[in-house]
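Whole structure, please, built from the sequences with the hints as guidance.
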Amino acid sequence: MESIVMNEQNTKFKEKVIARMRMREQDLTHCLACGTCTAGCPVREIDSKFNPRKIARMVLLGVESYFKENPEIPYSCNLCGLCQETCPYGLNIGDLCLALREQLVEDGIGPLPKHKIIEEEKEFVTSSAFTISLPDPDAAECTRVFFPGCNLAAYSPAMVMKVWDFLRAKLPGTGIILRCCGALSDELGLSSEFKEAQQALENEVHKLGATELITGCPDCYYHIKQCTPNYRLISLYEIMAEVGIPEVPKGNDQIFTLHDSCKTRWEKEIQDSVRKLLVSMGYQIEEMRYSRELTRCCGQGGLTVGLNPFRVFSIAKLRLGESHHDILTYCASCREGFASLKPSLHILDLMFNPDWEKDKPKPPNKTQVRRENQLLLKSLLAERATP
Numbered sequence: 000m001e002s003i004v005m006n007e008q009n010t011k012f013k014e015k016v017i018a019r020m021r022m023r024e025q026d027l028t029h030c031l032a033c034g035t036c037t038a039g040c041p042v043r044e045i046d047s048k049f050n051p052r053k054i055a056r057m058v059l060l061g062v063e064s065y066f067k068e069n070p071e072i073p074y075s076c077n078l079c080g081l082c083q084e085t086c087p088y089g090l091n092i093g094d095l096c097l098a099l100r101e102q103l104v105e106d107g108i109g110p111l112p113k114h115k116i117i118e119e120e121k122e123f124v125t126s127s128a129f130t131i132s133l134p135d136p137d138a139a140e141c142t143r144v145f146f147p148g149c150n151l152a153a154y155s156p157a158m159v160m161k162v163w164d165f166l167r168a169k170l171p172g173t174g175i176i177l178r179c180c181g182a183l184s185d186e187l188g189l190s191s192e193f194k195e196a197q198q199a200l201e202n203e204v205h206k207l208g209a210t211e212l213i214t215g216c217p218d219c220y221y222h223i224k225q226c227t228p229n230y231r232l233i234s235l236y237e238i239m240a241e242v243g244i245p246e247v248p249k250g251n252d253q254i255f256t257l258h259d260s261c262k263t264r265w266e267k268e269i270q271d272s273v274r275k276l277l278v279s280m281g282y283q284i285e286e287m288r289y290s291r292e293l294t295r296c297c298g299q300g301g302l303t304v305g306l307n308p309f310r311v312f313s314i315a316k317l318r319l320g321e322s323h324h325d326i327l328t329y330c331a332s333c334r335e336g337f338a339s340l341k342p343s344l345h346i347l348d349l350m351f352n353p354d355w356e357k358d359k360p361k362p363p364n365k366t367q368v369r370r371e372n373q374l375l376l377k378s379l380l381a382e383r384a385t386p
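If you're matching positions, the sequence shown starts at 0 in numbering that gives the first Met the number 0 and goes up one per residue.
Any given hint might turn out to be false.
What the hints assert, rightly or not - Distance condition first, Cα-Cα at most 30 Å in a straight line; then the derived DSSO-like pairs of lysine-lysine:
#  : residue 1 : residue 2
1  : K377      : K357
2  : K377      : K115
3  : K115      : K357
4  : K67       : K15
5  : K357      : K169
6  : K316      : K365
7  : K11       : K53
8  : K194      : K275
9  : K194      : K377
10 : K341      : K316
11 : K316      : K377
12 : K115      : K316
13 : K377      : K365
14 : K13       : K113
15 : K341      : K249
16 : K161      : K341
Simulated from the structure, these hints should not be mistaken for laboratory data.
Laid out in C-alpha cells, this is it:
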C-alpha cells in the first residue's frame, strides 16, 4: 500500500465529496476498504489502473491532488452499479465517481478534452434542431407521452415512429416528446445542466397536459426516476406487457442470449416484462451468468468511450463471453455496443423491424449516421405537426 504525504491531505475536499455522496443517499464513511468493489469490477478486469477501493481511500484521506493529477480516473467508471449490489454496505463507487466528476467541473478541470464529441452531442440533443413535443393528432387530449430518448432515435427513427403509432392505437391520447433527459450532463459532472434538462422535460410534459411518461430507454428511465418527477414514470416494456404487442410471426423457439441493461439493475418489473414479451413472441431465453441485479455493463456506460475506446471494446468482449447465441437487449446503446462483435438486436426489432434477421449483423451506426437519424426523426415528427 502506497504511503500518503500528510501535506497532500485536504479535509475540505474530503468533506465536499462526502456531502455530494450523501445527496445521493450514500455514506462513504461506511467503507470498510474490503476490496469487494474492486474484485467484481468489469473495468478493473480490463484496466488494472482503475481501482475502486483506491478511489474511495484517496477521498477518505482527502488526497485531492490524486484526482487533479489523474482526472481521467473518475471519468473511467462505467457507472454500472454492480459494486453497490456486492458491497456489504451497499456503497456505489459509480456515485462516488459522479461526485468526483462534479468536483472536477467545479475546479474547472472537467469535462476533459476527450469529451468534446459528447459535449457536441449534448448541445445538439438539447437544441431546437432536435427537440419537439407533440400531442396525439387523433385525440382530443393528451394523457400520456412516449419518450424514446436520444439513443433509440439515433438507432432507428422508423422504429420510433412505429412504436408511437402502436401506442396511439392501443392508448389513444399518447403524445411524444423528443429531447434529452439530461443523462449526458449528469455523467459529465454538469449537475446544474442535468437539473435544467429534467425541468425542461417536466415542463414539456405539463404543457401537453399529460400525467404519464413512457420511456423507451433504460438510461432515460434511470435518470428521470432519480429526480422524482411530478408525473407517473413507466417503461415501454411494462406498458407492452399490459396492453399486448403487434401481430408478429412466432419465434419458433429461437434462442437469444438476453442482456440486461445496467440501468435496470434493480428494476425487476422491467426485467420481468421484457422476458414476458419474448416468451409471448415464441422465443427462448438464454440467461447470462450475470443477469438481472448482477448484470454487467456492455462497455458503453459512463461516457467512457472517448477516453479509451479499446477498453470499451474489451469490456463488451468480456460480457459477450457469457453468451452462446445472438444477443438481444432492450437498450439501443447496449445493442450498438455489442454489434461490432456479435449479431445483436433490440427487442423492438422483433416487433417493428420485419428485416431483423438481415439486420442482426449490422454494425453500429457511426456518429454521422446517428445524427442523420436523429434529424430524420425530428423531420418525420414535424410532418405530423402540420395541420
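Against the structure, the hints:
1. K377 x K357: 26 Å, holds
2. K377 x K115: Holds, because 24 Å separates the two Cα atoms, which is no more than 30 Å.
3. K115 x K357: 34 Å, violated
4. K67 x K15: The hint holds at about 15 Å.
5. K357 x K169: 29 Å, holds
6. K316 x K365: 19 Å, holds
7. K11 x K53: 19 Å, holds
8. K194 x K275: Status violated; Cα separation ~34 Å.
9. K194 x K377: Within the cut-off at roughly 24 Å; holds.
10. K341 x K316: 9 Å, holds
11. K316 x K377: Between K316 and K377 the Cα gap is close to 34 Å, so the pair fails against 30 Å, i.e. violated.
12. K115 x K316: Holds, at about 26 Å.
13. K377 x K365: Given that 30 Å is the threshold and the Cα spacing comes to 19 Å, the pair holds.
14. K13 x K113: 27 Å, holds
15. K341 x K249: 23 Å, holds
16. K161 x K341: Distance of about 26 Å is within 30 Å: holds.
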